[in-house]
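Peer 1: In order, the protein sequences belong to chains A and B. Everything in the first sequence is counted per the numbering used here, starting at 133 for the first residue and increasing by one. Everything in the second sequence is counted per the numbering used here, starting at 133 for the first residue and increasing by one.
If you're looking for bench data, these hints aren't it; they were derived computationally from the structure. In this text, all values refer to a predicted model and were calculated from it rather than measured experimentally. Some hints here could point you the wrong way.
Any copy will do: because identical chains look the same in the list, a pair fits if it lies in one copy or spans two.
With a straight-line cut-off of 27 Å between C-alpha atoms, the simulated BS3-like cross-links for lysine-lysine are [unchecked claim]: (1) Lys702 <-> Lys353; (2) Lys414 <-> Lys319; (3) Lys316 <-> Lys414; (4) Lys305 <-> Lys481; (5) Lys305 <-> Lys267; (6) Lys653 <-> Lys414.
Take a look at the letters that make up each chain.
2 protein chains.
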Amino acid sequence: MAKEDKSGKLEALRHSASHIMAEAVQSLFPEAKFGIGPAIEDGFYYDFDLPGPLGVDDLPAIEARMREIIAANLPFSSEEISIDEANKLFADQPYKIELIKDLGSDKVTVYRQGKFTDLCRGPHVKNTGDVKAFKLISVAGAYWRGDEKRPMLQRIYGVAFTRSVDLEEHLKKLAEAAKRDHRKLGKELDLFSLHEEAGPGLAYWHPKGATVRQMIEDFWKLEHRRRGYDIVYSPHIAKVHLWETSGHWNFYRDNMYSPMEIDDIQYVIKPMNCPFHILMYKTQLRSYRNLPMRYAELGTVYRYERSGVLHGLARVRGFTQDDAHIFCRPDQIESEVKDVVELARFMMKSFGFDEYEMMLSTRPEKYTGTVESWDMATEALRNVLEQLKLDYKVDPGEGVFYGPKIDIKLKDALGRLWQGPTIQVDFQLPERFDVNYVAEDGREHRTVMIHRTVLGSMERFFACLTEHYAGAFPVWLAPVQAVLIPIADRHVEYASKLCDDMRSRDIRVQLDDRSERMNMKIREAQLNKIPYMLVVGDKELENGTVSVRLRNGEDLGSQDFSVFMQRVIKIIESRELQEL
Amino acid sequence: MAKEDKSGKLEALRHSASHIMAEAVQSLFPEAKFGIGPAIEDGFYYDFDLPGPLGVDDLPAIEARMREIIAANLPFSSEEISIDEANKLFADQPYKIELIKDLGSDKVTVYRQGKFTDLCRGPHVKNTGDVKAFKLISVAGAYWRGDEKRPMLQRIYGVAFTRSVDLEEHLKKLAEAAKRDHRKLGKELDLFSLHEEAGPGLAYWHPKGATVRQMIEDFWKLEHRRRGYDIVYSPHIAKVHLWETSGHWNFYRDNMYSPMEIDDIQYVIKPMNCPFHILMYKTQLRSYRNLPMRYAELGTVYRYERSGVLHGLARVRGFTQDDAHIFCRPDQIESEVKDVVELARFMMKSFGFDEYEMMLSTRPEKYTGTVESWDMATEALRNVLEQLKLDYKVDPGEGVFYGPKIDIKLKDALGRLWQGPTIQVDFQLPERFDVNYVAEDGREHRTVMIHRTVLGSMERFFACLTEHYAGAFPVWLAPVQAVLIPIADRHVEYASKLCDDMRSRDIRVQLDDRSERMNMKIREAQLNKIPYMLVVGDKELENGTVSVRLRNGEDLGSQDFSVFMQRVIKIIESRELQEL
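With the rest of the complex left out, here is chain A (with noise of 0.2 Å):
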């Protein structure tokens, strides 16, 4: 919506609620101090520093305060005033007078509407009333100024449009949004959990999350072994020394952990697998005609991130990347970049995200290596995208600083965008620990180091697809594929037969032999979005036939048993994303 927004008048409008709202709040909470509430992407929100906390539940009176100054129709009047006045006006308004001293000028602007007057630039709507389109949304913690050691303010968030069509339209996709966080479905399905007293950001799989998550390992082992790629294994950590040689200690130093000591020497936990791919590469001398060398890595890596933004899986503070180091001479880079993007298309498509956006990221202002060697990667770079026929956008200067890439983001069923593959190209390293390959000219030349990952990383690519799917995965991801219903006892017996006979096939198949009626069995497994629901009864016996009903509701009738396995087996051999 912000990208439409080109004369600002959404955002106004956003920011104006915001002011509309901090009116009703302080019309109902005369004790309230004032953060800041400026306009977000759908919204705003405002901060505040309230003598109890807020709930949802508290919502819909300030909302109904809202309507209520909207109604009004009061009028928005902006004027410029004196610091002293500034510091008179917001005496009792602790966190505006700080503002004010922060800003450093002689004068300040205030807005006003009804009996509401705040610190701020503007633009504003001319009158309370043109905010028609608006709904309060949630209640956080937010840390004064995102700064942990000052005090924790409540902020509320609100959406707002400038037609009510859109305003629905936008609370349906958070509804099915909300449905389908994976947060909750984690819960509701029991694929996963996270624990704070054991320390926040780190995951837990549990046997149904992990089932998914060990069939995209095994795919993702097997792919990348068919396309050429080693596997290799490196350790969780090393001594502070190797990362102070690749640069990590001094550059990336507020992301890693604290060192740890060992024998009285620092060591750190890792936030990236790079430098032990490299003392792999080094155990030999490389020739060029062992090039290109592709190690990769399921590596998990521990990054710091402040606890305000850690979201479920998505975000998080250990992760298993899918990761993988190219060596190669500076001539293999366009085709090796033009195989990894085909390599990540073909995982996107294996897993059901037809759509994505692509950015080639070019040469900032600050970077290492050549000019030459950057124009020469960067052009290999566009020859793929170019070659591949594949929309892109140039997002000039965002490179890192040791080389440009592409990045790309996968579109889920919603149409909210995921950060997915990430393919860079690396001057930098090599230079570091002089890593290199004997050319046919008998002399040691600079090895090129591509990094690049397809799925980013295991958590927050199974939070994409727990979302994508709302937990309904494709039939050979599921954790449970099939579920046996035997309608009465004297079918137990045919039911659990039918059920080892998967079993024998490695099909992830429960029998549900509780005394409980079929149609109980049947909505719990839809719930629990098993594919496969196999009822049995007299006929069935008879027939050595099954019923099968689909995780959608659909009815397919009654299918001879073993037809129906192979087609089974078959789905699940090429991963079809189709139950039937």
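Dock chain B against the given chain A, drawing on the hints supplied.
Peer 2: Coordinates of chain B only, in the frame set by chain A:
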């Protein structure tokens, strides 16, 4: 050998050899200061403080001097002397003076032979001539009293036997063991590396070693799923608080790394997976009907080991346990342990280990839980071993404080024992974490945990496997399974086609199209322990055959390619241990 040495004669012989070596060193290096020199399994050692470093090149001279002392057939004599006399006698031997002081008695015994006198309680052989069959083996650094803060002495190791024939047999075995040493083969076959500069005891699995590991892991996961285990993943770090709850922080801290800080809270890298699995178990109320639950994880743990005891992959600081925790009711212990023992035996057999030693360890003096629960669990373990008609020994009082256990040691091709599967019943952690299930009576009862591993760790098991097979891994594990060797350039196209054919079936195959002689290529493939060498020339090209050679040198002659490939696929899929 030690076991057969009932009278202690062999020990006296080896101890005497140590004194003879000390005398030889004294005569060659008059400035030598002496540490200690005991008998050990198969031989003896002595620690010396010498002006310069010793190497294996110095051993023949010392051996020659020892032979002179032996030829002189000098008597060993002992004498009890006062502390004052001892202090005078050893005035220029600071290590002996320290030992005398620490003995804290009025009198000490000394033994003499020829010109050498040592502080020693004996016993010794009668004359130096009694020591006949001996050999000096190696030199290593050893801290005085094993303390890294004390001086580093030089330790010379030797072996000694009563009969020459035993010595020769032992030396032959040592030579064979040296050839199979996984550290040596690890380099030669490019399986893995260790990097002192990034941290000792941390393994880097190169493509070839990692392939073997992945095949082991894939098999392990498949077999565990088939037997009702659930695979899970847990983080590598947790707050210190979790380890306080588990008791590790108090009882196991010497083996744990120092903490790191995140948001002012201390975290530590995990030495064990147990507490993580417990947290997952506890995310829901579990019913007696849910049990047993079996959480399996290839979990990488980090434990502090002194750098002196690190040994290739066999003893490391970071290793991946093939871990599992079974949560069960007390009445399920026996059947669960039985299944684990059977799984362990199946795994051992699958990897070619047919012989092992089993040990049942019972209640120690210090224990937690009740005598009744110990008796019940110990009885369950014993019943399993009896039912399965397995040979086992009882190690009374050697259980861990939290429950009894079964240990299994594998016997490798040279008859050496390796620590393998372990099964431990645990009453302790369920208490500490309040781990319960709701029983049929509707009330909460304490869950029992069984800790178990069937391979031990990927690192140690891989070291064992490498030495067992001398690097010639069974086909299904072999990093490269076949190499295609075209005789001349005109055969490359055909060879390449066959190579693609095999690769498309996921057989790990290489094409050796270098312009080298065929015999040289075969020799190299044999050195690389590649199971199948497929030579193709005119005849093969014409008939659609390959000429097959095995790595042991056996020539199988011409084989129809398709038939041969089918056979190889069957061997791989059924994990046969023989090539054909």
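Peer 1: Would you mind marking each hint as holding or not holding in the structure?
Peer 2: Each hint, compared with the structure:
Taking the closest pair of Cα atoms, Lys702 and Lys353 come within 27 Å of each other both inside a single copy (20 Å) and across two copies (22 Å). Taking identical chains as interchangeable, the C-alpha atoms of Lys414 and Lys319 lie at most 27 Å apart only when they sit on different chains, with a minimum of 13 Å there against 45 Å within one chain. Proximity of Lys316 to Lys414 under the C-alpha cut-off of 27 Å is restricted to the inter-copy arrangement: shortest distance 18 Å between copies versus 46 Å within a copy. For the identical chains of this complex, Lys305 and Lys481 are intra-copy neighbours only, at 24 Å inside a copy versus 56 Å across copies, given an alpha-carbon limit of 27 Å.
Taking the closest pair of Cα atoms, Lys305 and Lys267 come within 27 Å of each other only inside a single copy of the chain (14 Å); across copies the shortest separation is 81 Å, beyond that limit. With identical chains, the CA atoms of Lys653 and Lys414 are at most 27 Å apart between copies only, with a shortest distance of 25 Å across copies and 58 Å within one.
No hint from the list above goes unmet by this structure.
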